[in-house]
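Chemist: Given only the sequences and the hints, what does the whole structure look like? Please build it.
Note that the protein sequences, when read in sequence, are chains A and B.
In terms of the UniProt record's numbering, the first sequence opens at residue 1 and continues consecutively.
In terms of the UniProt record's numbering, the second sequence opens at residue 1 and continues consecutively.
A few chain B residues facing chain A, derived, Cβ under 10 Å:
#1 211
#2 298
#3 307
To spell it out: a stretch of chain A is covered by chain B in this simulated footprint if at least three of its residues, at any positions, have a beta carbon under 8 Å from a beta carbon of chain B; those stretches are:
#4 172 to 183
#5 206 to 212
#6 260 to 271
#7 275 to 283
I should point out that these hints are in silico values taken from the structure, not numbers from a laboratory.
Cβ atoms here follow ideal geometry from the backbone N, Cα and C, with glycine treated the same way.
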Amino acid sequence: MTTVTKEAGAPVPAGAGAFLSVRDLHVSFRTEDGVVGAVDGLSFDLERGKTLGIVGESGSGKSVTNLTVLGLHNPMFTTVEGEILLEGQELTTARESELERIRGNKVAMIFQDPLTALSPYYTVGRQIAEPYMKHRGASRKAAWERTVEMLGKVGIPHPRERAKDYPHQFSGGMRQRAMIAMALVCDPDLLIADEPTTALDVTVQAQILDLLKDLQQDTGSAIIFITHDLGVIADMADDIMVMYAGNAVERGTVDEVLRSPRHPYTWGLLNSMPRLDSDPATPLAPIPGAPPSLLNPPSGCRFHPRCTFQDRVGGGRCVDERPLLAPDRASACHLTADQKRTIFVEEIKPRLG
Amino acid sequence: MTQEDVVLPAPREAEGRSEAEAGEREPLLVVEGLTKHFPVKGGFPIRRTVGQVQAVDGIDLTVAVGESFGLVGESGCGKSTTGRLITRLLEPTGGKVSYRGQDISHASRRELAPIRSEIQMIFQDPYSSLNPRQTVGKIISGPMEINGIEPEGGREKRVRELLEIVGLNPEHFNRFPHEFSGGQRQRIGVARALALEPKLIVADEPVSALDVSIQAQVVNLLQQVQRELDIAFLFIAHDLAVVRHFSQRVAVMYLGKIIEVGDRTSIYTRPRHPYTHALLSAVPEVAVGEDSAPQRERIRLAGDVPSPISPPSGCRFRTRCWKAAEKCAAEEPPLVRISGNHEGHLTACHFPEEPTTEARDEDIVLDPALAALEDGGEG
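Modeler: Printed below as a string of structure tokens:
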């Protein structure tokens, strides 16, 4: 067996262009009740070394998008349309064997719940070593050394001994560290982290987030970070995409989206969250209603049944016409740019204290 | 800071009343030295007790009439157990729970019955806390039925009223829980808790299972209920921002002990316990629009919370604390008012921190992996 080595941690030159490009992605599932349009016309680009944060509530399609990138959906019931290009390679039509070469190698994933994502049957070390042996053709011994190195890097004390433990012998934070070690063992170019800290305590979450940031500096991989927590996104991401009911509704850099958000849904999210420095006497301003069922999504703008600003657009455009999301900094809303700016400055920002 | 600075061991009974925000209201619930140890069984073939999980270990707290008292801490700190002890879903191993002066810590079912109608609970998971085989009407009228209460105009009318209070359609009383979304189910749970016009509601993570936009709706509902019906709340949550928003007084728990308690402003802007500092600094925050906000301190602890089966001696936080000294292992710090603290702000620490949350000259990074990566990056 030959050991194929790649220089570990060689930083990728910045500005290498769109490394992952998703174009007009549609994903729908056939269920007993009908067809669920989980993702409906989504496009985005991601460059190397950058972090894209995807925010949205449950059912907004943020996880489905990323499962589709990795081809982890069940092809029996799923229809995928559009393009997913990873370094120019089309993934939606790729064969299973090609996807297998990519998964865990070029693209790795960190899941929300490490206890269900790790197998209880194998030792942690073996699970980390497996992708390294498969993708790099490393020997058992070399893979074990690599495993111990990775466990040490993510902060597991006594990595040589702990590699022989089973997942249940690890605490929650350590399991998530082991997952990160597993995801990074082959130096992936793209790391998809789906709510990686939601199940963790806040002090442990802070450790894991900083660890991911520091490791990214080290390895230069791109990260897609999925979460429902705007605070976590503000901490982690370079760019943000806000999703609602299968659509991207706003996109921009962290500063742009959080300092001058332009979509009523983003305003609603910001106004719903108490912060450590907000005035407790100001009541929260929640978004009325609940997210729609994707079996039967609303016409026009999918947010219109919950939007308090639709009367300012007029002409029933919100109900009839779907607002499109332009590339770069944009928000999918029929309000004019001036209206968005004035509403945020005069009505939304004062509430944020 | 030296021992001389640690003065004024606050008498227990003064704790609740002296609160500025709680005013002069009488205490509704007084908890003293509350302890719950769960036995750990092991061995074969005869299973015997091999250890004790010290879930709650001697906590004192007072909730005044109409006040919202917040309990924060990470998983395993005993905050939920405390809630269950107060509602007497569990029987304490030691200590005392008094409700309006009556000791209920070991009260029998019969003695508890009248008090149970005044202390209600809202649970975390709106999916498992409602019986799927009962209609909403039956669920909400259940407490009235058990207590033999026949409100004016009948139970159905009262159920419709309650549904209206919590913002649900009163016509939906014949529906089943599965027909509602998570946020609506949590509203049903609130309506059930309100059915008996309670004086105290123990809310155990009432919003943590909900989406952000729905969370705000339920928080507002609870706040409205608390103010308009003058109900006291014991609000248990791990989300520091939500607790701050909802509670006038806050206690921070760590491994079965209250390590710091005080009014909201003291705890969030003038914390003294290192753990409170670490907890606050770990909250990811969105800076909206403002550039002028002062930088917050950055503290990254190492590892996870130790097991409550054999907690560290002395101060329980010492194994993760950057200030730990010999004294911390030998002597358990008492929960006292430290000089410089406002009245009612108690801290259990031998070496308290400065009362500020602003950035320090040097970040505290105890996590070895982080420290290694960050040193490497700089050097």
